[in-house]
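2 protein chains.
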Amino acid sequence: MDASCADELRQLAAEVTRMGGLAEAQVADAVDCLAKRDTGAARALIERDVRLDAMQADIERRAIALIASYGPSGVDLRRAVSAMKLAMNLERCGDLARNIAKRSLVLADADPTSIMRAIERMGRLVSSRLNEVVDAYAVTDFDRALGVWRRDEEVDDHYESLFRELLELMRQDSATVQTGAHLLFIAKNLERIGDHATNIAEIIHFEITGEELTAERPKWSSLDTPSTEDMAL
Amino acid sequence: MDASCADELRQLAAEVTRMGGLAEAQVADAVDCLAKRDTGAARALIERDVRLDAMQADIERRAIALIASYGPSGVDLRRAVSAMKLAMNLERCGDLARNIAKRSLVLADADPTSIMRAIERMGRLVSSRLNEVVDAYAVTDFDRALGVWRRDEEVDDHYESLFRELLELMRQDSATVQTGAHLLFIAKNLERIGDHATNIAEIIHFEITGEELTAERPKWSSLDTPSTEDMAL
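Here the protein sequences line up with chains A and F, keeping their order.
Residues in the first sequence are numbered from -12 upward in steps of one, following our numbering.
Residues in the second sequence are numbered from -12 upward in steps of one, following our numbering.
Derived by calculation from the structure, the hints in this document are not laboratory data.
What you are looking at is a predicted structure, and each value in this text was computed from that prediction instead of being measured.
Do not take every clue at face value.
Since the list gives no way to pick one copy over another, a pair counts as held whenever it fits inside one copy or between any two copies.
[As the list claims (entries may be wrong)] Pairs of lysine to aspartate or glutamate, DMTMM-like flavour, derived with a Cα cap of 20 Å:
1) 175 <-> 107
2) 23 <-> 107
3) 175 <-> 82
4) 23 <-> 130
5) 175 <-> 147
6) 175 <-> 141
7) 175 <-> 140
Just chain A, same shape as in the assembly:
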């Protein structure tokens, strides 16, 4: 392989890792803003999101320029394409973190209920998954990425249990309906960040092996339609 192509691929991977670090921090901070009702930190987080947008645009531009200049194939092509896809997933995590921060502003005066603490726990879990999968990418650790992928259901279980609890709360006390609705969306945002962590694990797997990792993932069966036991879509 062309030495400049190898160099550029390394730089690209470093930039993705750097973006991963920022996305991780945004998610962890969003959970903190919510937990501490820190509106100043939430506003700062919202402003910072443009950095992730800029990083994504930059990674995409560089990856495409690299493909157009060197016409790589095999693992090199996969590395360039993965960089683009990882950046897209990380940018979406940033958007979801920003959305949580915005909702935390609305919830700044809400009572600290036990459900708020359950959301924080889910937030810490999701944030640690993102952290783990970004680390797996940084050191090209296949097994670690696979570990994140295999534990996809934990986040979904948290979400389903929160969905039920929030609905029960809203049913019992109509004064909690607005807070409850925002918390439902926050829980959904966290679940989506968990999905992105799983996507990232799949992209890393594909980059390394050239094979798709979708067959055994428990969640997305072709009969993934809700039953009465599956109301928390």
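Please arrange chain F on chain A, whose structure you already have, making use of the hints.
Just chain F, lined up with the frame of chain A:
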């Protein structure tokens, strides 16, 4: 330009248009399933979603192979990259349509309230926007794409009004909390499809002009933080 490259770009654009047609149909059908409480149609729609996933993967593979083989620049490179981005946005519209169809299964026995009709109206609006922007792409109609982009706020206004109405309903009658929660998520999914239609308009603009279309979009200002008048995030 290489004649085979021009040919492949044309085929790629045709494939994106075809995918756009299917994504549009999925969104329109999802709204219909909900309106008519047609669980059979909803299940068929959910199964059909894999086609969009396959089309996206195919478009992406072909666009990248084209960039790697011909090393295009300028408008040709933009056309190849746009094809990939459009496919991603269309695939997400398909996911959101599938999600609406899944929720319509849960809501099959819910009372047809006036709010359900308001959601259907929002659904028709969003579906027509997606239709318009896919048409704009098919015939490279810059002004039409710009028209969709400029009317982004209509969908948001619908969403905000639905959010408030649903919360009021849930507050007044605790028996509506579960249905209301699913309808909140459906309204949010429709708003997201509207966002994708706007993204698609931006991608078309960039493909044609080489310039970003983001400056005047009213919604995403850097001070886009909620006030007390902006509770429906």
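field: Alpha-carbon proximity between residue 175 and residue 147, which holds within one copy, between copies, both or neither at 20 Å
entry: Classified as both; 10 Å inside a copy, 18 Å across copies.
Within, between, both or neither, where residue 175 and residue 140 count as close if Cα-Cα is 20 Å or less: within (14 Å within a copy, 24 Å between copies)
- request: Could you figure out if residue 23 and residue 130 sit no more than 20 Å apart (CA to CA) within one copy, between two copies, both or neither?
  value: Neither, since 35 Å and 47 Å both go past 20 Å.
- request: Classify it for me, residue 175 with residue 82: is the Cα-Cα distance of at most 20 Å met within a copy, between copies, both or neither?
  value: both (13 Å within a copy, 15 Å between copies)
Identical-chain pair category, residue 175 with residue 107, by Cα at 20 Å: Within one copy, since 13 Å is at most 20 Å while 23 Å is not.
task: Check residue 175 against residue 141 for me: Cα-Cα at most 20 Å, and say if that holds within a copy, between copies, both or neither.
output: Intra 14 Å, inter 24 Å, cutoff 20 Å: intra-copy only.
message: For residue 23 and residue 107, with the copy left unspecified, which applies at a CA distance of at most 20 Å: within, between, both, or neither?
response: within (10 Å within a copy, 39 Å between copies)
Consistency with the previously given hints fails for number 4 only.
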